[in-house]
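Residue numbers (the working numbering): -17 to 138.
Certain hints may be false.
Said to hold, decoys possible - Calculated lysine-lysine pairs in the DSSO-like style (CA-CA distance at most 30 Å, straight line):
| id | residue 1 | residue 2 |
| --- | --- | --- |
| 1 | K1 | K99 |
| 2 | K77 | K99 |
| 3 | K1 | K77 |
| 4 | K38 | K77 |
| 5 | K1 | K38 |
| 6 | K(-3) | K77 |
| 7 | K38 | K99 |
| 8 | K(-3) | K38 |
| 9 | K99 | K(-3) |
As the list claims (entries may be wrong) - Label-pair distances were calculated between CB atoms; the ranges are:
| id | residue 1 | residue 2 | range |
| --- | --- | --- | --- |
| 10 | I61 | D5 | 41 to 49 Å |
| 11 | V127 | R(-9) | 39 to 47 Å |
| 12 | V127 | K77 | 14 to 22 Å |
Worth flagging that the hints you see were computed from the coordinates, not collected in a lab.
Just so you know, even glycine gets a beta-carbon here, dropped at the ideal spot from N, CA and C.
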Amino acid sequence: MQQRIRQSRSWAAMKRLQKVLDDYYIDAMAGLLPWGIGDIATALFALVYIWFAATKVRSLALTLAVVNNSLRDIALGLIPFYIGDVIDFFYRSNKQNMQLIEGFVEGDQEIIAAVNKGAIRAACFICLSIFFIAFMLWTVLQLSVWLWHTISAALS
């Protein structure tokens, strides 16, 4: 089964995504796009890892860990004043997700135990991350509206 998983198209897609997004810093550079557009766009690629963990590996704990890493990447990238963008150059969620998935596929007991042990904590961080991401997006929207009105008033 391990060999069949490693030869699947989804496995190859995950490896390519990890290399392009993290090794070539595309994830971090996309984060430079305003209003969180780049962070959200690159986060969509995490759906491949989430789908794989949920359907191929079939581990709830692994799926929670992958979702947690992905949401944490979004939340960190949304920290304002380019602080999040700097952090994004060092936080490589795709690489972490790939390492976790590889550990499960290869039967690495240390990784499996750590992920299983941290499942509840991951679920809590997921809830907090969703709240933080929503708050940051709302804040960016409010600041953008304020800035738009300020500039419009100054120009009229």
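Quick rundown of the hints versus the structure:
For the proposed pair K1 and K99, the alpha carbon gap of about 28 Å is at most 30 Å, so the pair holds. Under the criterion of a C-alpha separation no larger than 30 Å, the hint pairing K77 with K99 is consistent with the structure, at around 21 Å. Of the pairs offered as hints, the one joining K1 and K77 holds, with about 8 Å between alpha carbons and a cut-off of 30 Å not exceeded. Distance restraint check for K38 and K77: the Cα-Cα separation of roughly 18 Å lies within the 30 Å cut-off, and the hinted pair is therefore satisfied.
Taking the CA atoms of K1 and K38, the gap is about 21 Å. The hint holds against a cut of 30 Å. Taken as a hint, the K(-3) and K77 pair is honoured in the structure, with Cα atoms around 9 Å apart against an allowance of 30 Å. Straight-line distance between C-alpha atoms of K38 and K99 comes to about 21 Å, which keeps the hinted pair within the 30 Å bound. With a C-alpha separation of about 15 Å, the suggested pairing of K(-3) with K38 holds against the 30 Å cut-off.
Annotation: proposed proximity of K99 to K(-3) holds, straight-line Cα distance about 26 Å (limit 30 Å). As the Cβ distance of I61 to D5 is approximately 23 Å, the hint placing it in 41 to 49 Å is violated. Distance hint for V127 and R(-9): a CB-CB separation of about 43 Å, consistent with the stated range 39 to 47 Å. Distance hint for V127 and K77: a CB-CB separation of about 36 Å, inconsistent with the stated range 14 to 22 Å.
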